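S.K.: Use these hints to put chains B, C and D onto chain A, whose structure you have.
Listed below, chain by chain, are the residues.
Number of protein chains: 4
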Amino acid sequence: MADLNVVTFRPDPGQYAWTFGGVEPLMKVRPGDIVELWTEDCFCGKVRSVEDLASEKIVFPFLNPQTGPFYVEGAEPGDTLALHFVSIEPARDWGVSTTFPLFGSLTSTLRTVTLQDPLPEVVWMYEVDRERGVARYQARSSDYSVELPLSPMHGTVGVAPPNLEARLSLVPDTHGGNMDTPEMRAGTTCFLGVNVDGALFSIGDGHYRQGQGETCGVAVEGAMDTVLIVDLVKRRTTPWPRLEDDEYIMSAGSSRPLEDAFRIAHSDLIAWMVEDFGLEKLDAYQLLTQISETPVANVCDPNYTITAKAPKRFLPGSDVYTGARARLKEMAATYSAEGPYRR
Amino acid sequence: MADLNVVTFRPDPGQYAWTFGGVEPLMKVRPGDIVELWTEDCFCGKVRSVEDLASEKIVFPFLNPQTGPFYVEGAEPGDTLALHFVSIEPARDWGVSTTFPLFGSLTSTLRTVTLQDPLPEVVWMYEVDRERGVARYQARSSDYSVELPLSPMHGTVGVAPPNLEARLSLVPDTHGGNMDTPEMRAGTTCFLGVNVDGALFSIGDGHYRQGQGETCGVAVEGAMDTVLIVDLVKRRTTPWPRLEDDEYIMSAGSSRPLEDAFRIAHSDLIAWMVEDFGLEKLDAYQLLTQISETPVANVCDPNYTITAKAPKRFLPGSDVYTGARARLKEMAATYSAEGPYRR
Amino acid sequence: MADLNVVTFRPDPGQYAWTFGGVEPLMKVRPGDIVELWTEDCFCGKVRSVEDLASEKIVFPFLNPQTGPFYVEGAEPGDTLALHFVSIEPARDWGVSTTFPLFGSLTSTLRTVTLQDPLPEVVWMYEVDRERGVARYQARSSDYSVELPLSPMHGTVGVAPPNLEARLSLVPDTHGGNMDTPEMRAGTTCFLGVNVDGALFSIGDGHYRQGQGETCGVAVEGAMDTVLIVDLVKRRTTPWPRLEDDEYIMSAGSSRPLEDAFRIAHSDLIAWMVEDFGLEKLDAYQLLTQISETPVANVCDPNYTITAKAPKRFLPGSDVYTGARARLKEMAATYSAEGPYRR
Amino acid sequence: MADLNVVTFRPDPGQYAWTFGGVEPLMKVRPGDIVELWTEDCFCGKVRSVEDLASEKIVFPFLNPQTGPFYVEGAEPGDTLALHFVSIEPARDWGVSTTFPLFGSLTSTLRTVTLQDPLPEVVWMYEVDRERGVARYQARSSDYSVELPLSPMHGTVGVAPPNLEARLSLVPDTHGGNMDTPEMRAGTTCFLGVNVDGALFSIGDGHYRQGQGETCGVAVEGAMDTVLIVDLVKRRTTPWPRLEDDEYIMSAGSSRPLEDAFRIAHSDLIAWMVEDFGLEKLDAYQLLTQISETPVANVCDPNYTITAKAPKRFLPGSDVYTGARARLKEMAATYSAEGPYRR
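Chains as they are written, first to last, in numbering that gives the first Met the number 0: chain A, 0 to 342; chain B, 0 to 342; chain C, 0 to 342; chain D, 0 to 342.
Bound conformation, chain A alone (with noise of 0.2 Å):
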C-alpha cells in the first residue's frame, strides 16, 4: 500500500465553505491522493425533528456548506480536473427533507414570483438503516409508511468558477456546484474544467437518495462519508461537468430555462463524441438522438440541470480523457481492498 497517499479530513462548522471561489483553500492535495472527506447535510445538521423549521434554523445565505475547497497541486486553467468518487456512505441513522417557503418545483419562488401565498412548511424526518440499506418515508397527514433503497450521492460538487466569479454553493453552473444528478454516485469519475490555480474543489449536499427532478427541492439529506480519488488531465479543456460509470459517458448542463439545460448537455456530449470517439459532428448528432438517456437532475435551484446519457457499448472505441478512469478505478480497488483507512 506503498503507492496509496490517503488525506483525511473532516471540517469543523468554522469551516465550511458557502460559495465555489473567493474562498481561500483549507488544504493541497496531489493528483493521486485518495481523500477521505466527512460532509454536513444542506442544513448544517440543524434540522432534527419534524418541529425544527428550515426557514427558522437557517439564516440564508448559510446553507449548503462545503468540504474544501482543496488545491491541487499543478491544477492550472486548461487542465481537466477528474475526480472519482470510491464511496459514499450514510454518516448518520436519519435523513431529513423538507418544504421549504418558495423553493421547489411546484410552487412560485423569487424568479417565478406569484402575488399567491408560499406552501406550508413541513419537515419529513427519514429512520436510515446502513445495514439494509433502506430509509423509511413516513407520510405527516397519515400511517403510510414505506422502505425506499438508499441510493448515496452528492448533489455539490464543482471548482472555482471561470471569469474573476464566486457562485453561492446552491448553484450549478459550468463549474460544478449545485448539480444535483443522482449520477454523482460511488463509481462515477467527474471531470470539470480547471478555472483557477489549484482548481480548489469542494464537495457536499449529500443525498441519502433523490428522484430525478429533486421536485420538492429537498432530497433525503445527509451527512456523509465519503472516499474520492484525485486526478488531473494537463492541457485538456472540459466545458461543463462531464461523468463516466462502467456504462455511459455523461454531461450535466445547468441554465434557464430547462429546454437551455437539455441543449447545453446534449450538445456537450456531441462534442466529446467527435473529440473523443471521432465522430463527425452531425453522425454524433443522429447517433445520440436514437441512443440518450436523458434525466432532469434538478428543477429547483439558480439554474435547472439535466444530465444527458451516452452508453458507451454504442460508441466507437476510445480511450477517454487518455484512459483516466482506468488508472483511478484500479486505484479504487486497491484502497478498497487494503481498507478502511477511515478512523
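Quick caveat, the hints were computed from the structure, so don't treat them as lab data. Possibly wrong hints are sitting among the right ones.
[What the hints assert, rightly or not] Output of the computed footprint for chain A on chain B, the stretches with three or more beta carbons under 8 Å from beta carbons of chain A:
id : region
1  : 130 to 139
2  : 143 to 153
3  : 204 to 210
4  : 271 to 284
5  : 288 to 294
In this text the structure is predicted, and so the values were computed from the model without any measurement. Beta carbons are placed, not taken as given, at the ideal position from N, Cα and C, and that holds for glycine.
M.R.: What follows is chains B, C and D alone, placed relative to chain A:
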C-alpha cells in the same frame, strides 16, 4: 375465443388523418374491442434512401399521418379512454432518420429564431433485423456502424382535443398527440380524457427506437403493426395523458418552456396519488420528490414533453382507474395465446 | 360617396365564433369594403357587477366571442389580408376587469402549475365617460379612485390558421388571434397572411384600455363599435402578424417562452426591412438593435406576445406592401368625412 | 456652493473593476456627495474601426470595465442606496457596435446552444455629433446612412451582490449590474438594496443610444462623462433595482426565461405600490394591469431584463423612499446652475 371482438384496419393513403379534431371518424369500435392496426411512418413512407430529402418529398402539413380517428361507442366528455398496447411491431425491414431544416433541439427553429443558416439536411437509413431485434446505425461521414436494439413505440397517440380545437398531429398537449415518449410501448396502458362524443382516437408515428428527448427531432421512423385494446372508464376525468405499466404510473406533461412540462407531469402524478392512492397532497409531493424518474420525451415538437414516473412498489395499494389495467392485461394474454389474428 | 361600399354587421349571441378555423363564414366581403362591426366583450356581457364572477357566469370554452368570420372574396393562400382600423369606439358606459383563477402573469396557471391555492377572484367595474374619454378605476379595498384615459383597441384580430388547425380565440399565433397588443388601435393597418380561401377573418376582445403585458390577464374589457377597411395584397406572404401606423412598422411575435416571442418579432421585422426596405440582413439587425421599441403585449395567454416596432423615419424610403396603407388611409378619410354611416 | 461636496474620478486602465463583489473599493464617498466620473466603453476602447474585431481585441472576461467600486460611508445591509443621475454625456466623437460570435438575441449562444455556425462578426462605427446630439448609422453592405438621436445611458449600474457572491459585470440581477435599460438616463434616480457594508457601487457600459432589448447584444457603445449624486435611505430594503423619474416609478427584473423577468418587475412594482402608496395587493395588481408600460431592456445578457413602469399620475400621493428624489433633484439643480465643475 368467443369473448374477444377483434377489429382490423389498415388505412389507404387517402384515409390518413393529419390532425386531432376536425376529422370524421373512420370506424366505430366498442369498449373491449381488440384493434389491429397498421401505421405509416412520419414521412408517409416517402423517404427511402439517403438521397430522399424530406423537405422535398413532403408538402407541409402532410406529415406524421395518423391511423384513425376511431369513434368509441359510449365515450362522452368526462370519461376516460384507456388504450392498452398489446403489441407494437416494425412492419418494415428499414427505418429512417434525418435532420430536418429548422427542426430539432440543437438548431434554431421557426420559434427559437436566429439569423444563422440552417444545418444541412442529412438522411440516415437503418437496416432492421426483426428476427434479431436490432437496427443498424451507419455513420454518413465514416465507416462507423453499430447495431442498436429495437424498442418499438408510438410517438403519437391521442384523442380529439377540447375547446373546439383541431391540432396538427405534430402537437402534443392535454389530448395526447405527438408526445414522443418511449414509454408508449407494448404492455403500456394509456389513459386519455375524453373531450368529445366518441373520443376519436388515432395513433401513428411509429419509432423503431429513439433516445430520450428525440434530440435531432427524428427517431428511427418506421411503419408499424400494432394491436391495442380499447376500454372506457366512465365518469372519470383525466386532465393529462397518463400511462401505467407493471412497474410505474406515469404522466406526460407537454408545454413550453420545458420546466412547465415538468411541472405539469409531476403535479398531475401528485393529483393521481391523491385521487387513487389516498395520499395527502404535500405527503405525495414529498414522496414523489424521492422516488420519481423523469426522462425527457421530446424537445423538438410545438410543445415539449416530459414523462414523470412513480414506481408503484413505493405507493400504497390501489385500484387504479377501477382496475382497468388488470382487465386489459387479461384480455391481452388471451388474445396473445390464441393469436395471431392479423391477416 | 359612390365609391365606398359600406357593410354593417352586428352578431346575435348565437352567431359568435369561438375559434379561428373550423367555423363557417357569416358573410362575404370584398377588398375595398368598409365594414362596420359590433363586438361583445370577452365575458359575453355577463359580468356586469362586482358580484358577477366570471368563473360562474362563463362555461369554458365559451368566452372571448368573435365577430366573424368574414370570407374575403379573392383571398387565397399566399396572399396577405390588410385590415385598416378606421375607428374603435366603446359601445357601453362601463367596462370590467377581474382576476380569474389560475389565469394571469402573477399566478400559477394550468401550465405553470404549482400546488398553491389560487388567488381570490375579484371583479373591478369601470365607469366609462365616452364624452371625456376616461374610465374610472375604483379600488375594492379602499376609497382610492382615479380616472384613466380610454385607449380603445382590439385584443383579438385574426384569420383561419394554417395546417388544418382550429385554435381557440384565446390563442395568439401566426394567424393573429388573441395578441392583446395595444397597437391594434384606430389608425393602424394590420397585415395577416392568408392560409385558406377567403382568409376568414374575425375580430373581438375589445379593450377600453390595458397596460402592456395585460398583467392580471384581463384588460378593461368592453363591447366595441368598430369600423375597418378590408384590403388584399395578392401573391405576398406574411409569416407573422404585421402592423403599420404613421410612425412605425411593427411585428407581433407569439410563443413561449417569452424570449421566443421577442426573437420572432425582431427577426420578422428584419425580414421586412430586407424585403421592403432593401437593407442587407446584418445591416438591418444592427439598425434595429439601435432603434427598436419593444413593448410586451401579453404574458397571460396560451402564447405570450411581444410587439417589436421600428420607427419609419429611420428606415430607407419604401412602398410598404405596395402602398396599401396610403390607399386605405385615403378611403378612411373619405368615409370619416361623409359618415357616420352606422345606424 | 459651500454645501455641495464634489468628487471627481477618472480611472486608469489598471483600475477597472470586472465584477460586482470581490473587488476592493477605490475610494470612499459620503451620502450627499456629487460624483463626477468617466467610464470607458464596454470594449475598453479597443474597437476603433471596422477592422477591429472585438473577439480578437478582448480577452474574456476583461470586457465591460466598471468605474468603481465606491464605498459609501454609513451604508449597511438593509439600507437602500440612491444614485441620482445628474448628467450622462458622450465623452468621444465616435461610438461602436458589432455582432459578437454567439452573443445576442438572434443567434445561438453558449446557453441556447445549436450546432449551427455562428453569425459573421461585423463592426459598425458611428460618428457622433455632440453639438447636434446625433450619431450616424452607416450600413456596411450599402450606402444607406441615417442620423439617430443620441440618448445617453448607462447599461451597467450596480452594487456588490448578496450571498457572498461576485458576479461578472455582464450579469444583471438583484444587485443591478448589466440591466441595459434605456431608463438609466440623466434625471433618473436609481434605488439599489445594500448587501455589504459600504454598498460598493460601480457604473459603466455607456450607451450613446440603444433600442429596447439590445437585440444584437451591443448598443452604440461609448465612453461617458457622468455626474451622479449619492444618497442613502437607512433601514429600508429594496429587493430589486428600482428607478424613478418625473413621470414613472419603475422596477427592473432580471432572470431567465424572459417571463420571469416580467413577473419579477411587475410583482416588485406591486410591492412598491403597497409599501409606499398604500394600495392593497390585488387592487395594485388590477391598477398596474391597466397602466403599466413594459419595455424589454435586454435579451442577450446572462439574465434577461424587463423594466416595468407605472405612471405616477395614476397613483395615490406618496412620499417615495422618504422623498429622496425631491432632495436629489434640488441638489442637481444647484450643481447644474453653478457648474460645470469637471476639469
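S.K.: Now, for every hint given, state plainly whether the structure supports it.
M.R.: Status of each hint after checking the structure:
{"no.": "1", "hint": "130 to 139", "in the structure": "holds (count 3)"}
{"no.": "2", "hint": "143 to 153", "in the structure": "holds (count 3)"}
{"no.": "3", "hint": "204 to 210", "in the structure": "holds (count 3)"}
{"no.": "4", "hint": "271 to 284", "in the structure": "holds (count 6)"}
{"no.": "5", "hint": "288 to 294", "in the structure": "holds (count 7)"}
Of the numbered hints stated above, none is contradicted by the structure.
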